[in-house]
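Student: Could you build the full structure based on these sequences and the hints that come with them?
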Amino acid sequence: MNFQSLILTLERFWAERGCLIVQPYDSEVGAGTFNPNTFLRAIGPEPWNVAYVEPSRRPTDGRYGDNPNRLQQFHQYQVILKPSPANIQELYLESLRAIGTDPSKHDIRFIEDDWESPTLGAWGLGWQVWLDGLEISQFTYFQQCGGIDCKPISGELTYGLERIAMYLQDVDDVYDLEWAPGVRYGEIFKRAEWEWSTYNFERADVELHQTLFDRYEKQVSELLGLSEKRGKGGALVFEKEPLERLVLPAYDCVVKCSHYFNILDARGAISVTERQRFIGRVRLIARAVAESWYAQREALGFPLLQNARAAE
Amino acid sequence: MSRDLLIEIGVEELPASFLAKGLETLREAAIAALDAARLEHGEVKPLGTPRRMALLVEGLAERQPDRRERVLGPPANVAFDAEGKPTRAALGFAQKNGADASAITRVETEKGVYAAVEVHEVGRPTQEVLRDLLGDVCRRIAFQKSMRWGEGDHAFGRPVHWLVGLYGDEVVPFEFVGLTAGRTSRGHRFLAPAEFEIPRADAYVDRLREARVLVSFDERREAMVAALEKAAKDLGGKLVVDEFLLGECLSLVEYPFVVPGGFHERYLALPDEVVVSVMRDHQRYFAVRRESGELLPAYLNVVNTAEAPEIIRKGNDRVLRARLEDARFFVEEDLKVDFRSRVPRLDGIVFQAKLGSIGDKVRRVRALAETLAPADLAAKIGEAAALAKADLTTLIVGEFPELQGAMGRHYALAQGVDPDVADAIVEHYRPQGADDELPRGVIGAALAVADRADTLVGCFGIGLVPTGSADPFALRRAALGVVRIALEGPIDVDVRRTLAAAYDGYQGVALADRAETLAKLEEFFVARLRVMLRDRAPADVIDACLGAWDRGSLRDLEKRLVALSRLRETPAYESLSVAFKRAFNIAKDAPAGEPEPGLFAEEAERALAEAFARERPEIEKATAAADYDRALTLVAENLRGPIDTFFEKVFVMVDDAKVRENRLKLLRAIAETVTRIAHFHLLSA
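Read top to bottom, the protein sequences are chains A and B.
Just so you know, my numbering puts 202 at position 202 of the first sequence, and the rest follows in order with no gaps.
Just so you know, my numbering puts 618 at position 618 of the second sequence, and the rest follows in order with no gaps.
Treat the hints with care, as some may be off.
[Said to hold, decoys possible] Below are the BS3-like pairs computed for lysine-lysine, each with C-alpha atoms no more than 25 Å apart in a straight line: (1) B:K581 / B:K559; (2) B:K581 / A:K105; (3) A:K105 / B:K314; (4) B:K230 / B:K96; (5) B:K85 / B:K96; (6) A:K151 / B:K145; (7) B:K336 / B:K314; (8) A:K240 / A:K256; (9) B:K581 / B:K658.
[To be verified] So, partial list: chain A residues that the calculated Cβ filter (under 10 Å) puts toward chain B: (10) N2; (11) S5; (12) G65; (13) Q89; (14) D107; (15) R109; (16) I111; (17) G126; (18) W127; (19) D132; (20) Q143; (21) D149; (22) Y167; (23) D172; (24) V237; (25) F238.
Honestly, the hints are just simulated from the structure, not real lab data.
Beta carbons: idealized from backbone N, C-alpha and C, even for Gly.
Tutor: Set out below in structure tokens:
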């Protein structure tokens, strides 16, 4: 099964099980979780079932195209099922069958792996899934997102597409993967890996990224009317009504800050003590967006909840 | 009459530590609840796999015993009016206890006369009691972390899918997390996925075995170990037993199959520790060694399903190959750098925010370690101290932190560092725990002590003192390590001097007050010693020796302990401990100064004074030379008789002040001399 048939198979599989098939986010993200179709939709009472590919950037993982397993950009297949259905594990195992791995012939195990994103103020409990000793997926029940307790709970399934494809195609080097008949992964991405590794580690303009981080961070406050004042127990104070806030552009700024932080990190421009401060700054604006999103959906009467009730 | 009770909670894969803690709390809650409900029962057995927690209560009585009890109410003067009729208070009391007014009686108690009723409660059938009880028991199960799922209304370690409650062959339909218990369970996720019914509680283990689940931990473990040993033998080697891995694998599978696999021999050129770590920590594989001890290029994988072992093996081989290839790459890259040239990079690694870098620590440890070993080792100690932490900057330790030390030694040897120095690099991390190996060489031991003393002083100096179960810097383990090295290892340690020198090594770091910090630390050591020496001597003997010890040499303390323990085995011990305790207590407030022979009024005191004057120089000399055995032998052989006679014949507290004070002076001098060996007054009678 080539790389693109793997994607197409998963798209069809999850579409048939009621997921919206959407497209990757058009800004740099470190994981599918950053896509607003996960981060924002996991918040609040509205149901949401979605699946998409997410090209994910991890600047520090770049190896200039020299390492057979590590990439600064790879592809996740992300599925969100909200609320998590009782048969979510069975659905996941069925999806493995769909891509040609019969679970009864392999050793499939659910190994404890709790997930946390300090920048997004999000965490969940779950597993990494091992297929014959290879970690192929992350399986997480979101407990909190943007500092807000999740209810209902979203089940998040994240497939590591390159790893699964290497397994299915029996290759040891990611660049040998067949993307489509006659086209190798390396032909598409090897040069890109070298260029981006060089950029991330050596050439990215530190001052520019620092400035961009600061300005985008500031813009979030402007877009949301986030006051510097704090309420009781450190509660955030907004000077704009929920529907006056530009939540989606603000979230875009959060995603950009997170990415610039990753670039600065890869450039070695962030010391250990500064690191925590940067993470705290992103977490704060992510929380402001999360709270604004919730307030906005509430002001709109949680439309998807009403749709679901009407459908019943 | 009794029957067995079964509870099964079917869950999504629970982590190993969750299963253990969840089952422990389930068992405790069940026992507490059954006891509180006055339900007699036999053994309560925890059973479980990653997908289920279960409890089997054997021989649970079929009903509660009836209860007859006299319940006391208000005092008689409140309970009865002038005519002897029950008051409103008494009637309320009776009603509350389900009794008629006519049933109220008067009883005499130690506190006076009270109203009382006889309560007679008929025991309920167990089946009826269990329905509410089991739900409550399940709600008391605790985990390290709980989670919610689906609509988010319930919390547990992982989502719950089914409940079984059986009392004998009857269902107990208790309710928990929105589910109602029945008799339907599920088998192995892949090998027997169909639901099935459990006919009766005592058929549970057998019925699950048919469904390819070994639910008993013991049975599963035995099957796993047998399969591992057989597979190792088939490979022509022996299983490398690893308790951590056994525990992990046991709670990752419902039925243990073993699939062997292999890797290319070229990876055996890596240090054994690396190969074993890659297999164990990343993949949870067991290693196999030849009889001669070398690693085989093979591994054993405990899996949950093995319908197609060749497929599983192929996949695992590939994963391991990539991991070993990474490790080989790391080691090759690491070796391209001169190991010695890594030392300056330690300045960039934080030891503790307030205590500076690892580089700072290394410089302090070096100076301190030099004071702990003979001067001719100073050069080697200097080199070893500098190199001891250098492997923290290597790629391989970045990937496998548990290989710190071992890799430092490996790289040092590969680059021609003196073998004594290289050994010290790995040895200075020892002992890791109470049962771990100690450093064998003097250099490693000196570094180990200096490293721990530096950490202890630094942490205490900035207020990071262990409290209760919280000891994030493992300071208790560090102190125990120092003690074990001194008592069982190659060098003695002077606690007071070493800690003081460690404190003085923190130049330019703001630590808390010197005297206060050091005093706290000495007490910390004394507290550790008190616990640690318990398997060598009774608590009072330890306290007696700790009292006389100057908080200096640990071996000096040990000698006192040995000598006093030896004395304890002799017939003289009993009377000596009594006599010296008496002497000490009487003479506590005695005036200072030597007794005057002219003031002795009785033969017995004169004899004691003479004996003491005769023996004293030798006893004190032996004490000063830390020959406590000899000191105590002299005391036992030559002072015991005179002091016993003294206390038998002489009344100390006579009216004549001069005679009395003189006697007290004599006792005080004797007490002082023996107290320098051990605090006899702390011995229990």
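Student: A separate judgement is required for each hint: does it hold in the structure or not?
Tutor: We went through each hint and held it up to the structure:
The hinted pair formed by B:K581 and B:K559 meets the criterion: a straight-line CA distance of about 21 Å does not exceed 25 Å. Restraint check for B:K581 and A:K105: the C-alpha separation of about 77 Å exceeds 25 Å, so the hint is violated. As the CA atoms of A:K105 and B:K314 are separated by approximately 12 Å, the hinted pair is consistent with the 25 Å bound. With a C-alpha separation of about 68 Å, the suggested pairing of B:K230 with B:K96 is violated against the 25 Å cut-off.
Pair hint B:K85 plus B:K96 holds up; C-alpha atoms about 18 Å apart against a cutoff of 25 Å. This hinted pair checks out: A:K151 and B:K145 have alpha carbons roughly 17 Å apart, not beyond 25 Å. Restraint check for B:K336 and B:K314: not satisfied, since their Cα atoms lie roughly 33 Å apart, outside the 25 Å limit. Distance hint between A:K240 and A:K256 is fulfilled; the C-alpha atoms sit about 23 Å from each other, no more than 25 Å.
A C-alpha spacing of about 23 Å is found between B:K581 and B:K658, which places the hinted pair at or below 25 Å, so the restraint holds. Annotation: interface hint on A:N2 violated; nearest CB of chain B at approximately 19 Å, more than 10 Å. The interface hint given for A:S5 is violated, since its Cβ lies 20 Å from the closest Cβ of chain B, which is over the 10 Å cut-off. Checking A:G65 against chain B: minimum C-beta separation of about 15 Å lies over 10 Å; hint violated.
With 10 Å as the threshold, the beta carbon of A:Q89 comes within range of chain B, its nearest partner Cβ sitting at about 6 Å, so the hint holds. Checking A:D107 against chain B by beta carbon gives a least distance of about 4 Å; that is within 10 Å, so the hint holds. Given hint, A:R109 at the interface with chain B, holds; its Cβ is 6 Å from that chain's nearest Cβ, closer than 10 Å. Checking A:I111 against chain B by beta carbon gives a least distance of about 7 Å; that is within 10 Å, so the hint holds.
With its C-beta approaching chain B no nearer than about 8 Å, A:G126 sits inside the 10 Å limit, and its interface hint holds. Taken as an interface hint, A:W127 checks out: its beta carbon lies about 6 Å from the nearest beta carbon of chain B, inside 10 Å. Because the smallest distance between the Cβ of A:D132 and any Cβ of chain B comes to about 3 Å, under 10 Å, the interface hint for this residue holds. Taking 10 Å as the C-beta cut-off, the interface hint given for A:Q143 holds, the closest approach to chain B being about 6 Å.
The criterion of a C-beta within 10 Å of any C-beta in chain B is met by A:D149, whose closest approach is roughly 8 Å, and the hint holds. Because the closest C-beta pair between A:Y167 and chain B is about 7 Å apart, less than 10 Å, the hint holds. Among the interface hints, the one on A:D172 holds; its C-beta lies about 7 Å from the nearest C-beta in chain B, closer than the 10 Å criterion. Nearest Cβ of chain B to the Cβ of A:V237: about 28 Å, over the 10 Å cut. The hint is violated.
The interface hint given for A:F238 is broken, as the beta carbon of that residue sits about 26 Å from the closest beta carbon of chain B, more than 10 Å.
Checked against the numbered hints given earlier, the structure breaks hints 2, 4, 7, 10, 11, 12, 24 and 25 and satisfies all the rest.
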